[in-house]
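So the protein sequences, as listed, match chains E and C. Numbering that gives the first Met the number 0 numbers the first residue of the first sequence as 0 and each following residue consecutively. Numbering that gives the first Met the number 0 numbers the first residue of the second sequence as 0 and each following residue consecutively.
If you're looking for bench data, these hints aren't it; they were derived computationally from the structure. By construction, the Cβ of each residue, glycine as well, lies at the ideal position given by its N, Cα and C atoms. Check before you lean on any hint, since a few could be wrong.
Claimed, not checked - Some chain E residues close to chain C (C-beta under 10 angstroms, calculated; not the full set):
{"#": "1", "residue": "Glu-55"}
{"#": "2", "residue": "Arg-56"}
{"#": "3", "residue": "Val-59"}
{"#": "4", "residue": "Gly-62"}
{"#": "5", "residue": "Asp-64"}
{"#": "6", "residue": "Leu-65"}
{"#": "7", "residue": "Thr-127"}
{"#": "8", "residue": "Gly-183"}
{"#": "9", "residue": "Gly-188"}
{"#": "10", "residue": "Ala-295"}
{"#": "11", "residue": "Leu-299"}
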Amino acid sequence: MSARVFVGLSGGVDSSLACALLVEQGYDVTAIYMRNWSRDLPGFRCPWANDLADAERVAVTVGCDLLVWDFEKEYKSTVVDYLVDSYRRGWTPNPDVMCNQTVKFGAFAERAFAQGADLIATGHYARTRQLASGATELLRAKDEHKDQTYFLWRVPGETFKRVLFPVGDFANKKEVRAACAARGLGVEGKPDSDGICFVGPVGIRTFLLDSLKQRAGDIVEWETGRVLGRHDGAFLFTVGQRRGLDLGGGPARYVVDVDTKANIVYVTSDPQSPALWTDRLQLADAHWLSRKVPAAGRYLVRSRHTGKLREALVKPDGTSSVEVILPQAMKRVACGQSAVIYDGEVCLGGGIVCGPEPVH
Amino acid sequence: MPVGGPNAPQREVYLDFAAATPVDRRVLAAMQPYWSACFYNPSAPYAPARGARDAYERARSSLARLIGARPDCVVLTAGATEANNLAFATLSEDGHVVVDAIEHESVLACAASHPRKTVLVAPDGRVDPEDIRRAIRPKTELVSVELANGEIGTIQPVRQIACIVAQERARRLAAGQDRPIWLHTDASQAAGALSVEVSSLNCDLMTLSAAKIYGPKQVGLLWAADDVRLRPLIVGGGQESGLRSGTENVAGVVGFAQALELATRMRAEEVPELRRLRNLLQRRLAEEFPWAVFSGPRQDKLRLPGLLHVSFPLLDARRLVISLERRGVYVGTGSACAASRMRSSHVLDAIGVPRQVAQGSLRITIGRPTTEEDIRYAADQISEVVSGEVRRCGLTDRQLTEAGRASYNDAVLGGSRQTGGLL
Numbered sequence: 000m001s002a003r004v005f006v007g008l009s010g011g012v013d014s015s016l017a018c019a020l021l022v023e024q025g026y027d028v029t030a031i032y033m034r035n036w037s038r039d040l041p042g043f044r045c046p047w048a049n050d051l052a053d054a055e056r057v058a059v060t061v062g063c064d065l066l067v068w069d070f071e072k073e074y075k076s077t078v079v080d081y082l083v084d085s086y087r088r089g090w091t092p093n094p095d096v097m098c099n100q101t102v103k104f105g106a107f108a109e110r111a112f113a114q115g116a117d118l119i120a121t122g123h124y125a126r127t128r129q130l131a132s133g134a135t136e137l138l139r140a141k142d143e144h145k146d147q148t149y150f151l152w153r154v155p156g157e158t159f160k161r162v163l164f165p166v167g168d169f170a171n172k173k174e175v176r177a178a179c180a181a182r183g184l185g186v187e188g189k190p191d192s193d194g195i196c197f198v199g200p201v202g203i204r205t206f207l208l209d210s211l212k213q214r215a216g217d218i219v220e221w222e223t224g225r226v227l228g229r230h231d232g233a234f235l236f237t238v239g240q241r242r243g244l245d246l247g248g249g250p251a252r253y254v255v256d257v258d259t260k261a262n263i264v265y266v267t268s269d270p271q272s273p274a275l276w277t278d279r280l281q282l283a284d285a286h287w288l289s290r291k292v293p294a295a296g297r298y299l300v301r302s303r304h305t306g307k308l309r310e311a312l313v314k315p316d317g318t319s320s321v322e323v324i325l326p327q328a329m330k331r332v333a334c335g336q337s338a339v340i341y342d343g344e345v346c347l348g349g350g351i352v353c354g355p356e357p358v359h
Numbered sequence: 000m001p002v003g004g005p006n007a008p009q010r011e012v013y014l015d016f017a018a019a020t021p022v023d024r025r026v027l028a029a030m031q032p033y034w035s036a037c038f039y040n041p042s043a044p045y046a047p048a049r050g051a052r053d054a055y056e057r058a059r060s061s062l063a064r065l066i067g068a069r070p071d072c073v074v075l076t077a078g079a080t081e082a083n084n085l086a087f088a089t090l091s092e093d094g095h096v097v098v099d100a101i102e103h104e105s106v107l108a109c110a111a112s113h114p115r116k117t118v119l120v121a122p123d124g125r126v127d128p129e130d131i132r133r134a135i136r137p138k139t140e141l142v143s144v145e146l147a148n149g150e151i152g153t154i155q156p157v158r159q160i161a162c163i164v165a166q167e168r169a170r171r172l173a174a175g176q177d178r179p180i181w182l183h184t185d186a187s188q189a190a191g192a193l194s195v196e197v198s199s200l201n202c203d204l205m206t207l208s209a210a211k212i213y214g215p216k217q218v219g220l221l222w223a224a225d226d227v228r229l230r231p232l233i234v235g236g237g238q239e240s241g242l243r244s245g246t247e248n249v250a251g252v253v254g255f256a257q258a259l260e261l262a263t264r265m266r267a268e269e270v271p272e273l274r275r276l277r278n279l280l281q282r283r284l285a286e287e288f289p290w291a292v293f294s295g296p297r298q299d300k301l302r303l304p305g306l307l308h309v310s311f312p313l314l315d316a317r318r319l320v321i322s323l324e325r326r327g328v329y330v331g332t333g334s335a336c337a338a339s340r341m342r343s344s345h346v347l348d349a350i351g352v353p354r355q356v357a358q359g360s361l362r363i364t365i366g367r368p369t370t371e372e373d374i375r376y377a378a379d380q381i382s383e384v385v386s387g388e389v390r391r392c393g394l395t396d397r398q399l400t401e402a403g404r405a406s407y408n409d410a411v412l413g414g415s416r417q418t419g420g421l422l
């Protein structure tokens, strides 16, 4: 009897190919469309109908069952609430990291295994490696430009033992599209979605304006304290942001800090301002895939999806915080973002950026 | 070996004419001069614009003639949904409405923002005029019942309902109550098959769509009897007597007139042919799948001739649609959005089709270009696809019959639902 695999099928390019490959490899495949978010506004067209139709088309083409599983409750209580909360504090969270932890490799995995799945699979660009010790490591994808391990660092590490990433070995996205086309899956022309499993076409701004109380406040020059203009809600701004300030001409200005309590957005016109740069990162809420805190040392660190891998001195303090010391200053990273730590190509885990705060 | 691989189907058969119709070549020819040659704004003051203005008003006059009305009672709109919205804009602030449960979404959505009574329908989708009578209250200002349903094909007794509305109007007159009451009918799905003459329907407002009768999309009309006071939803330059502002869609309306002209002229020969092909398909499917459930009235004269609503219990309609699409056969599932939202359609809910039956529902609609060969090909493909799914799911005839019978029993109790028997 072949192993039973439940594969998350979103109707996108990657998960569609993942599904087809699993069927070809002889697994007993059941595809699951995860319905996470479907705020039905009166008079609005169901936004996810087309994705579901694509998923269905793929399932019919490869000849497997497609079930629709509802994770709206889980998604709301973990991802959405976390997101809104973080923004309220002036942080810039990463909802995909949460979604993977609590929904895709949380609730979905649990339900799949409870219903008799031997393995689960997704269309993520990532790889796993079985060690002689029996442990499983998470490795970056073969295609460095598509690697999605940045979104996977908070997944409970032991889950990866029972996870397949069928597209993790593909050299590039072009090959993936070609492989979809060759199989007549009908999704090869769809745009990349790069892990935006949230709100879809609505956009984060619209969503936040709807969820948080919007109120006007001052835009203040960091160096001088001079009021330069007004904004419509400090939570809409993030460190380093240049657009959307609407200060009516003048030099380009960058957001330096966001004070949601006082509702002030601080900006500077100096791109070299020390407030925009940092040579270390403070991480909180650290998570290690092997459950072992790694020894302090030099590792690779990534602070945004497909961002540069920087060699840095990583000093875990044994509880849940980590200090990362960079050899060179980098643009400051917004609080709430993830910093993911790698030993070579192995993803060790990471933490949530919580500092340092810019100093006057 | 890759699993799928593109495969061109042998033949392409479109069977979703209730969703959209191709523009008839004669309609296209009629519209042709008004895109580039005579493109003028009908309101422009110079002589050539007159050509556009005249064509537009001629088209309005033909449309009016074809529905047996005066041209000045016809408001041209961007489609049936807008016309339905305009009809509901006649309501005063506390005006009550009466609708039936299987109206089109645009009517139900309009009704939702008013005090209302939604009357239930029989298992074959028919509205009982007496239910309408019981639903009317002193504050009722609008009764809206479609002429024919686009999902299961039921033709409604609009004339009888008109009598009831007229009686209520007479009663109010005698009692010295000056609140008006009007009957609106959405005839969008019916115009290809039934007469849409307002004097014989006896309604006060009627919606028509060009898009369902081989005309262009986003063109429709609302006819209103001259004592109905309409209120504009779209204001601006005051076109359409101030009831619908915006530069006139000259080409679209010319096409609409031509389309309705053709529909009216061809109705007598078209309807029997649609019916014959539909019944041929129904017979084929009923023979092959005795457990299939057909919804809508049993009698031919009570249902749209080109429409077949069939449910294959325990199967998944979305899979059937995709498998058929791969074989070049395009059919609908009724209300696409409802199906994809994993909700059964409000129409099937209202006629009491159980979920396990509703989820396997196809709405197949035949149109002007459909041939008997098309139908035979489609029937073969549907048979193969349905049999394939039955095998894939490991369902036995007995399970299928039982699942279908659950709804058959309801139908018997309800009185008039058909099952897979011959016509």
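Status of each hint after checking the structure:
1. Contact between Glu-55(E) and chain C, as hinted, is supported at the beta carbon level, the nearest pair being about 5 angstroms apart and thus within 10 angstroms.
2. For Arg-56(E), the interface hint holds, since its Cβ comes within 10 angstroms of a Cβ in chain C; the closest pair sits about 5 angstroms apart.
3. Restraint check, Val-59(E) versus chain C: the minimum CB separation of about 4 angstroms is within 10 angstroms; hint holds.
4. Restraint check, Gly-62(E) versus chain C: the minimum CB separation of about 7 angstroms is within 10 angstroms; hint holds.
5. Hint on Asp-64(E) holds. Least Cβ distance to chain C is approximately 9 angstroms, under the 10 angstroms limit.
6. Interface restraint check for Leu-65(E): the shortest CB-CB distance to chain C comes to about 8 angstroms, inside 10 angstroms, so the restraint holds.
7. At a threshold of 10 angstroms, the smallest CB-CB gap from Thr-127(E) to chain C is about 24 angstroms, leaving the interface hint violated.
8. At its closest, the beta carbon of Gly-183(E) sits 4 angstroms from a beta carbon of chain C; the interface hint therefore holds under the 10 angstroms criterion.
9. With 10 angstroms as the threshold, the beta carbon of Gly-188(E) stays out of range of chain C, its nearest partner Cβ sitting at about 13 angstroms, so the hint is violated.
10. Using the Cβ-Cβ criterion of 10 angstroms, the hint placing Ala-295(E) at the interface with chain C is not satisfied: the shortest such distance is roughly 48 angstroms.
11. Here the hint on Leu-299(E) is broken, as its CB sits about 36 angstroms from the closest CB of chain C, past 10 angstroms.
Hints 7, 9, 10, 11 from the list above are not met by this structure, while the remaining hints are.
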